[in-house]
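Participant: Sequence:
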Amino acid sequence: MATTTRPAPTVGFDLDMTLIDSRPGIRACYLALTERTGTYVDADLAVTRLGPPLVEELAHWFPAEEIEAVADLYREMYPTYAVAATPALPGAREAVAAVREAGGRAIVVTAKYEPNAKLHLAHLGIEPDAVIGDLWAEQKAVALREHGAEVYVGDHLGDVRGARAAGARSVAVASGPCDAEELRAAGADVVLGDLTEFPAWLADYRAAGAGGADAARA
Numbered sequence: 001m002a003t004t005t006r007p008a009p010t011v012g013f014d015l016d017m018t019l020i021d022s023r024p025g026i027r028a029c030y031l032a033l034t035e036r037t038g039t040y041v042d043a044d045l046a047v048t049r050l051g052p053p054l055v056e057e058l059a060h061w062f063p064a065e066e067i068e069a070v071a072d073l074y075r076e077m078y079p080t081y082a083v084a085a086t087p088a089l090p091g092a093r094e095a096v097a098a099v100r101e102a103g104g105r106a107i108v109v110t111a112k113y114e115p116n117a118k119l120h121l122a123h124l125g126i127e128p129d130a131v132i133g134d135l136w137a138e139q140k141a142v143a144l145r146e147h148g149a150e151v152y153v154g155d156h157l158g159d160v161r162g163a164r165a166a167g168a169r170s171v172a173v174a175s176g177p178c179d180a181e182e183l184r185a186a187g188a189d190v191v192l193g194d195l196t197e198f199p200a201w202l203a204d205y206r207a208a209g210a211g212g213a214d215a216a217r218a
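Just so it is clear: in the sequence shown, position 66 is 66 by full-length UniProt numbering, and no numbers are missing.
Treat the hints with care, since some could be wrong.
[As the list claims (entries may be wrong)] Derived DMTMM-like pairs: lysine to aspartate or glutamate, alpha-carbon spacing no greater than 20 Å straight-line: (1) K118 x D129; (2) K118 x E76; (3) K118 x D72; (4) K118 x D134; (5) K118 x E94.
[Unchecked claim] Have a look at the derived ranges for each label pair, beta carbon to beta carbon: (6) A64 x D42: 10 to 20 Å; (7) G103 x E146: 47 to 57 Å; (8) P52 x M77: 13 to 23 Å.
Rather than coming from a laboratory, the hints here were simulated on the basis of the structure. Cβ atoms here follow ideal geometry from the backbone N, Cα and C, with glycine treated the same way.
Can you build the whole structure from these sequences, using the hints too?
Facilitator: Written out as structure tokens, the structure reads:
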């Protein structure tokens, strides 16, 4: 029987805790924000729940009427404190490269402020075909559909929701605040331990053709 290889796909990736370990940089930025504003932010707690938009975290610490201004200040301070302190996660460069080497397109769709997302990627030498910021959960579906992404890779339940809303295959990585069981329960099609497993999954997915390659891995 002849086998059918899938065409090279467009693959979307989340940023924080999927491609990059942003905890050290974000922690440093929150510590600086506390010093700058005089309002205490528990930076160690904040970095355990990365994923949702910045304003949701700031709402735990600042009055509603201050959040917009504080968010602007944080984004302004961010390049100074966060970019150089943030490493790529294991397998990140290789995962993006695997998509490109297969003839596909790799895009980054993130809730992070887009200019700062681009700074991270440039600093780390990760070169996606497009970067779309300021989108969270189901909002990510807009960019995923616009770019024709058939796979979305992320570490958070919100990333699973975004993939499902876009009609894309949800490939979850248990490298962030959500464990493999939570990601499966949210509806992820595939769960990988981290991005080091992604190139092999992508090769299997393409080789499987219309049958898919959805054996979950933890």
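Participant: Can the restraint linking K118 and D72 be considered satisfied, given a maximum Cα separation of 20 Å?
Facilitator: Judged against 20 Å, a Cα distance of about 17 Å means the pair holds.
Participant: Look at the Cβ atoms of G103 and E146 and judge whether their distance stays inside 47 to 57 Å.
Facilitator: violated (20 Å)
Participant: Is the hinted pair K118 and E94 satisfied, with a Cα-Cα distance of at most 20 Å?
Facilitator: holds (18 Å)
Participant: Between A64 and D42, does the beta-carbon spacing fit 10 to 20 Å?
Facilitator: holds (19 Å)
Participant: Take a quick look at whether K118 and E76 sit within 20 Å of each other, Cα to Cα.
Facilitator: holds (14 Å)
Participant: With respect to the beta-carbon atoms only, verify the hint that P52 and M77 lie 13 to 23 Å apart.
Facilitator: Holds, since P52 and M77 (Cβ atoms, about 20 Å apart) stay within the stated range.
Participant: Does D129 sit within 20 Å of K118, going by the straight-line distance between their CA atoms?
Facilitator: Holds. K118 to D129 sits at ~11 Å (cutoff 20 Å).
Participant: Given the hint that K118 pairs with D134, does the C-alpha gap stay at or below 20 Å?
Facilitator: Within the cut-off at roughly 12 Å; holds.
Violated hint for the displayed structure: number 7, the only one.
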